[in-house]
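Each protein sequence line maps, in turn, to chains A and B.
FYI, in this note's numbering the residues of the first sequence are 1 to 249.
FYI, in this note's numbering the residues of the second sequence are 1 to 749.
The hints are all genuine.
Over the 12 Å line for every Cβ pair with chain B, so calculated as not near, a few chain A residues:
hint: 1; residue: 114
hint: 2; residue: 124
hint: 3; residue: 157
hint: 4; residue: 182
hint: 5; residue: 188
hint: 6; residue: 223
hint: 7; residue: 238
When the alpha-carbon atoms are kept at most 20 Å apart in a straight line, the in silico EDC-like pairs for lysine to aspartate or glutamate are as follows:
hint: 8; chain 1: A; residue 1: 55; chain 2: A; residue 2: 145
hint: 9; chain 1: A; residue 1: 224; chain 2: B; residue 2: 244
hint: 10; chain 1: A; residue 1: 224; chain 2: A; residue 2: 205
hint: 11; chain 1: B; residue 1: 249; chain 2: A; residue 2: 205
hint: 12; chain 1: B; residue 1: 717; chain 2: B; residue 2: 644
hint: 13; chain 1: A; residue 1: 182; chain 2: A; residue 2: 155
hint: 14; chain 1: B; residue 1: 729; chain 2: A; residue 2: 59
hint: 15; chain 1: A; residue 1: 55; chain 2: B; residue 2: 731
hint: 16; chain 1: A; residue 1: 80; chain 2: A; residue 2: 31
hint: 17; chain 1: A; residue 1: 55; chain 2: B; residue 2: 689
hint: 18; chain 1: A; residue 1: 246; chain 2: B; residue 2: 265
hint: 19; chain 1: B; residue 1: 729; chain 2: A; residue 2: 54
hint: 20; chain 1: B; residue 1: 249; chain 2: A; residue 2: 78
So, partial list: chain A residues that the calculated Cβ filter (under 7 Å) puts toward chain B:
hint: 21; residue: 37
hint: 22; residue: 72
hint: 23; residue: 201
hint: 24; residue: 229
These aren't lab readings, by the way, just hints derived from the structure by calculation.
Note that the Cβ used here is the ideal one computed from N, Cα and C, for glycine as well.
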Amino acid sequence: MSTFVEKLRQYRKPGYYDKFDYHWTMTIDLDRCTGCEACMVACQAENNLPIVGEKRFAENREIKWIRIERYWEGEYPDVKMRFIPMLCQHCDDAPCETACPVFATYHNQDGLNTQIYNRCIGTRTCAVYCPYEVRYFNWFTYTWDEPLEQQLNPDVTVREKGVMEKCTFCIQRIRIAKDNAKDDDRRRVRDGEVVPACVQSCPTEALVFGNSNDPEAKVSKMMKNPRGYKVLEELNTTPSIVYLTKVHS
Amino acid sequence: MSKISRRDLLQYIGAGGIGVVGGVLYGESVQQNVELLIPQVVPPEDYSPGVATWYNTVCNQCPAGCGISVRIREGKAKKIEGNPVHPVSQGRTCARGQAGLNALYNPDRIRTPLQNVGQRGSGNFEEISWDEALTTVGSRIGRLKIDNEASRVRLLCGRVRGHLDELFLQFMNLLGSDHYQQYDFTYPSALMAANKMSFGTDVLPYYDIRNAVFLLSFGADYLGTWISPVHHSLAYGHLRQGREGRRGKTIQIEPRMSLSGAAADEWIAARPGTEGLLALGIAHALVSEGHYHGSDRDEWSKALQAYSPSLVSAETEVSEDKILRLAREFGTSTASLAIAGGATAAGTNAVASIVAVNALNYLAGNLSQPGGIIFNPDPAFSATAGSRQAGFQGMLDLIGAMKAGDVDVLLVHDTNPVFALPDNVGFRQAMQNVPLIIALSSFRDETTEMADLILPTSTYLESWGDDVPDPGVGFPVASISQPVVATLYDTLPVGDIVLSLARQIGGELPIHMRWGTMEEFIKERWREEYDQRGSEGEEQEFEAFWQAALEAGVWGQPGAVAGDQPVPLSSSMIASIADPVSRFAGDESDYPFVLHPYLTATFFDGRGANLPWLQEMPDPMTSVVYGSWVELNPVTADELGIREGDVLDVESPAGSVRVPALIFPAIRPGVVAIPVGQGHAAYGRYARDRGVNPIHIVATLIDDQSGDLAWAATRVKLKLTGERLQIIKTDGVTRTLGRQILGPENDHA
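Chain A extracted, bound-state conformation:
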């Protein structure tokens, strides 16, 4: 156990991930985001998210790895609606990871917060610990009305009852890109080679994804924007998602 604690400490050291090839990071420009929700449906298509039905929706059993949160500001007539896409922040110091009794959720060396479905025993502790509320539990085994199941993405597991799930930064796309890089005798994947489904669909190009260990990557440049901030930063979760705040004129 002591070696594990040592590992965990080392793992918490700032800058730890720079030793590795990748630190996958996303920036979300709220000045571009219009709240159109194309990302939500793109994620649903890519990651085999279930269609839960009206009854389950009413019981708050919906599963959306990325969602648009809405916040009103002011009162009529000077009322404003603000949107913010919310998804797993892939925190470097993720509260969910320390909570899991069976290590079903852990940090991989790419800086991703990952979930091992067949290790998960469904205690739901991680969801309680997550301050962003982006972990979703499968209360039921969902099915698809035939032939909708023909659309299911063969690269992504279909989850069952009793398993926690969440955004993976489309890890299947990362794997494919790394494989392709290996086949081409490249050490790293190129900037822009990995595009998660939400980033791919975004009609205003508000979402940017890439490897922040690469100073030349577009995402690294976006992160330097003075408008950048991290949500609930004061909790010291060290999120991997940088939001760029909306500009007020």
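On the provided structure of chain A, position chain B as indicated by the hints.
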């Protein structure tokens, strides 16, 4: 792509997908071999297990004409993404476009030809064979043709462009009937009519939002539903953050905040129906404050005399200061653009309002300028498809003809007038007088349910076709639609059905329409286009061109700029200015609220309601799923003692609907809004018996100049029923409560 030599004139926009038509070949072979243990000793062409193939085609979820790429694995469609080389979508898609897969694999698709065996509209259908179905239709129409009664055959379809439109036209012409019409609730008839008055040409120009610096939108939800939302969203992203150190500004004028209103820097809820007047007030201030420098300045100030900001302010209930400020910003920004749509283009003053907005563009001098209104060159082909739009008047004529017994055979394809027309025009009742109704449809929507015979069409992901996006993108573009998977059921692409009918009817039809399939027809037409355009320069075989076009999914001529740009005459623009104030159906004392129906980013005009991903996608502004609601200002609700979930009777002079209330902070008091899209009586398990359809209670007032339905000019009254209903929504706390979720210095909760 680089391997293909090309002429100077014929160029692609870039590299496209990988596969071409192998998906079809593969799908056919696997259907027979599926039981075998080692089914793929000799694998079908273009197939390797575990390797994805992408095919480019055209989205059909709204009329924008975005190019899409579909990911195919083992012969099944897995994912829709934007076609990166298509100039409209540029690699992006909206939620509706993504959900196209739900249409392809929808459990409620019509799988075989069906014949009605019960009472009409009862939904009592029996399966029949294609032979039987085509013979029935062919002999009936053929008989009418022989009797010289072919004009009693009518064809009504949705917004169809490209060569399918030509095929329909040819079919009806050869038959001897000039009753081929299209009906699309979202067709911008008023905008076309207004552009005809202002610019002398009834086309949709390209609104260059991308390069604008100051965008003034009168009711047009350009980010959600107006004309080409994906393209506009790309442009919006660039307007905001695409230019170093120069952030464009947007203003939205509408009574109920839409997606575009939420994105805007300023949302102005003018009194409903006076938006055009506000435009004239701004124009007045613009001229009188000296921001317009044309030689005809005096004429303009004379024409706008009656619209001084103080008078306009009283009518519109927008402060004079604000009008003056908008005029100053609009007049002094380097690239100002004004657009009009939504409710502004759906009053009895629709054309007059848009003409006023057009005048603003003229005064800002943005015509044919970057960041302004750019007139497209002639489309690559299919220039006249828009002239087939029936509009509201055309539909009334059709109803009249049906009632008078002038219609023997009604062919309906891809349009749902029973849903998308007010109840009291009686389309459904008039259909009872038509002896034979044939629906060419993939789904059993309300109109298809009324058919005697259903010829099931393949979805757009299984069909050949082509498209010319309208409006264009400033240069000629044409897209190819190709099947990305093998046809799932015993269905046919609509083009193939028309060709089969032509063969069945006989006479000169099959002689002129000699193509065996839609694919053959499209290819021949593209060959003709190719021969016409590329008579000089480097030789390139058509086959190579065709293969490359299929791979790219699109052909375009980016170098070709618009030819003759219309130069609007100031005098005619001035002459066309009319007093734009809308009338409303219903007396204010009896019906105190203005009904604001709006198209939704989720279901558009209702055609998306049968797709489960869209039903489960929270409405962007309210986060509601699965159902309808009526939006009320919090103060109004308070006064009436209405809480969220109280079921109300919303009653107009034309009818009433029963719908739960939702308190919505961004709607003008005195206005109630109901989203369009739900309220289907048919259309499959996901859509049926869910919510209400506000179009059904719209009074049949029309726009004074275009004759189009003024669907935003109805007044209603509200009655508490005492019932309550849970509105299912995903929002929890809708204020940030100081948590700085939107940024450290950006928390104004």
